[in-house]
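Residue-level listing of the chains:
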Amino acid sequence: MSHSEKAEIFNKNEAKVNWHDKALWFVREKRDTAAHKVKGWEELRNLASGIKANVLSNLDEYLIEFEENAQKNGIKVHWASDAEEHNTIIHKILEDNKVEKVVKSKSMLTEECHLNPFLEDRGIEVIDTDLGERIVQLAKETPSHIVLPAIHKTKEEVDTLFQEHLGTKPSNGNPEYLTNEARKHLRDKFLKADAAITGVNFAIAETGGIVVCTNEGNADMGAHLVKTHIACMGIEKIIPNEEHLGVFLRLLARSATGQPITTYSSHFNKPAEGKEMHIVIVDNGRTEQLSRKEFRSSLHCIRCGACMNTCPIYRRSGGHSYDATIPGPIGSILSPGKDLTKHSSLPFASTLCGSCSNVCPVKINIHEQLYAWRQIVTKEVKQPVVKKTILKITGVALSNRLLFNIAGKSARFMLKYAPRFMVYSKLNVWGKARELPEIKNQNFDDWYKVKRKNNG
Amino acid sequence: MKVGLFIPCYINQLYPQVAIATLELLEKLNVDVYYPSTQTCCGQPLGNSGYEDDSKGACQLFVENFKEYDYIVGPSGSCIYHVKKHFDILEQTEDVIKVRNNAYELCEFIVKILGKTDLGAKFPYKVGLHKSCHGLRGLNLGSCSEKMDEHFSTEEELLNAVEGLELMSLNRKDECCGFGGTFSVFEEAISVKMGKDRIQDHLDSGVEVITGADHSCLMHMEGLINRDNKPLKVMHIAEILNSSI
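Protein chains in written order, with the numbering used here: chain A, 1 to 456; chain B, 1 to 245.
Careful, some of the hints might be misleading.
Cross-link-like lysine to aspartate or glutamate pairs, in silico, EDC-like; alpha carbons within 20 Å at most [claimed, not checked]:
id, chain 1, residue 1, chain 2, residue 2
1, A, 440, B, 24
2, B, 84, A, 29
3, A, 12, B, 228
4, A, 16, B, 197
5, B, 173, A, 32
6, A, 363, B, 149
7, A, 387, B, 53
8, B, 147, A, 42
9, A, 6, B, 188
10, A, 192, A, 42
11, B, 173, A, 29
12, B, 147, A, 32
13, A, 449, B, 27
14, A, 12, B, 188
15, B, 147, A, 368
Going by beta-carbon spacing under 10 Å, a handful of chain A positions derived as facing chain B [to be verified]:
id, residue
16, 11
17, 14
18, 82
19, 357
20, 376
21, 385
22, 398
23, 415
These aren't lab readings, by the way, just hints derived from the structure by calculation.
Note that beta-carbon positions come from the ideal geometry of N, C-alpha and C, so glycine has one too.
Using the sequences plus the hints, can you model the full thing?
And the structure:
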């Protein structure tokens with residue numbers, strides 16, 4: 001199904017759309033307030049964008065520097081070229097350590113690689129410990145947002161879900177009660193886990209350490225309670241020096257949720273004594289995206305989700321309508337690079353309003369990349385004949401004044417004199433909910449010929 | 001100063017009153033205006049739909065029609081943005097570069113090039129300004145709510161100088177209306193919902209007349225207003241600036 005088809009289904013419940021839109025707009029406004037408090041916000045964005053551009057231009061060197069330093073600290077570093085390899089490496093580590101139960105926190109990458117079903121098929125229990133992630137895991141769904149994975153669910157829906165899976169009492173969607181129950185349930189999972197998997201927000205080449213930003217503290221709780229900690233990162237997570245964290249940590253949480261900083265910014269530099277720490281560095285299509293000049297900067301992304309919160313289409317169509325691990329505007333420029341045919345409708349799920357590019361803390365020109373993907377989609381993916389033919393004919397008519405006159409006159413004649421049932425037939429998608437403009441007797445050309453001596 | 005009047009295709013065919021207001025306004029301001037009679041369209045509908053290559057003929061014709069003028073002025077931010085931004089698909093001859101550099105949206109031309117804000121108009125109504133995305137974020141006609149820059153707005157400057165006009169403040173100052181060219185048809189459900197939400201914001205803010213510098217957004221909202229019989233009127237900013245009610 002295309003984005004528009006899924007979006008239409010989501011829009012059948014207008015009250016829910018309104019609720020979803022308002023919930024995310026609230027986050028967007030919190031972001032505005034937080035950013036306004038930082039003097040030189042726009043400069044900070046420039047700086048972050050510049051650092052990321054430098055990283056991408058020297059990625060090979062930074063990655064090797066990172067690996068060397070991480071190894072010096074006693075961290076085991078693994079390289080995975082794709083999702084399959086990533087999953088296999090993790091499974092091997094878990095198997096070597098006889099792990100049966102894993103707790104996971106903060107990793108969109110493992111979602112991207114579909115790690116959970118891979119491990120579950122091999123008899124390993126994987127528990128997502130971040131509350132939103134846990135909610136969608138219990139509902140057997142995927143996250144609909146990268147920072148707010150269960151934003152598509154109301155508290156009443158969570159209430160019902162918890163009754164079924166955690167045995168909670170009906171509470172009318174009492175958030176305090178439900179959170180406490182989830183906390184108790186997760187505490188038990190933490191204590192019984194044998195290994196912890198986390199994501200990586202920033203990997204510092206200079207030190208070989210990683211930083212994970214969380215609000216619930218689950219990355220720390222998981223990693224500190226177990227013997228084996230595995231951190232998974234895309235190759236683009238590198239930053240050159242520790243001092244650059246000062247730029248990114250100021251931008252990340254403000255852009256994401258409007259907080260000045262996440263509750264925890266956890267630095268993992270080496271394994272504790274008697275424990276193991278692994279880092280899996282994953283490509284999975286990123287090098288290919290890096291090679292596409294027009295789309296390279298999409299790899300600047302620090303996964304704050306601000307483009308989703310501001311996107312008027314995302315807010316009104318829900319994350320699942322994008323049918324991709326990363327939804328919203330940034331997902332719509334990343335996903336076509338992975339599977340152009342499957343995701344061919346995503347670059348068109350935008351009015352190109354540009355709000356996404358304006359909120360982006362690392363200044364990715366998202367809406368321009370959406371435009372660029374459109375040009376590629378129409379060439380490389382089979383298009384509906386009617387759409388293609390109409391647009392091609394339009395191209396001819398617009399480059400020829402005589403044809404333009406004929407087309408304009410006949411269309412206006414038809415719209416003016418044809419009966420309403422014909423004009424507003426099923427073929428007229430515009431007219432489903434909208435009136436067409438009232439047709440005047442003259443167009444501007446006609447008026448001009450009469451009223452002004454044509455001097456053009 | 002010779003100015004070429006660019007009337008976007010859909011305004012020519014469907015909204016002649018907007019074109020007339022634009023022309024009259026420029027004439028009032030003593031601008032030497034010419035209307036090249038063989039103009040068609042900027043090619044935007046094709047580019048935005050992914051058929052940029054098929055728009056080259058239209059773009060080239062645009063350049064031929066307007067290359068001799070010092071300025072090209074049109075009452076549509078979106079079309080002007082397309083000329084400035086996306087005519088990079090043509091070979092960058094002197095003519096193409098000149099046309100891209102000298103294309104101006106009407107309000108910007110009046111404020112920046114002519115240096116005028118008070119045009120002597122009268123319009124005693126409560127007005128809501130719809131800031132079109134391409135004008136705002138593309139042509140930088142004003143500050144955007146996402147950015148932390150100081151507030152400014154080209155259209156507001158002009159509207160605030162209109163006698164009797166009360167400019168109403170909106171809850172969401174610059175959210176997209178959902179027109180988006182062929183988006184309005186291919187993503188019909190979301191497009192309509194976005195338009196309805198924008199209109200509601202104007203209604204909630206006590207607006208009587210919605211205006212803007214881009215008639216395509218207004219066409220979309222007007223279509224919804226007329227279907228749902230909402231108590232709102234829609235007028236292009238040129239019509240307001242040209243009025244003396």
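List in ascending order the numbers of the hints, as given earlier, that are violated by the structure.
Of the numbered hints given earlier, those the structure breaks are 2, 10, 18, 21, listed in rising order.
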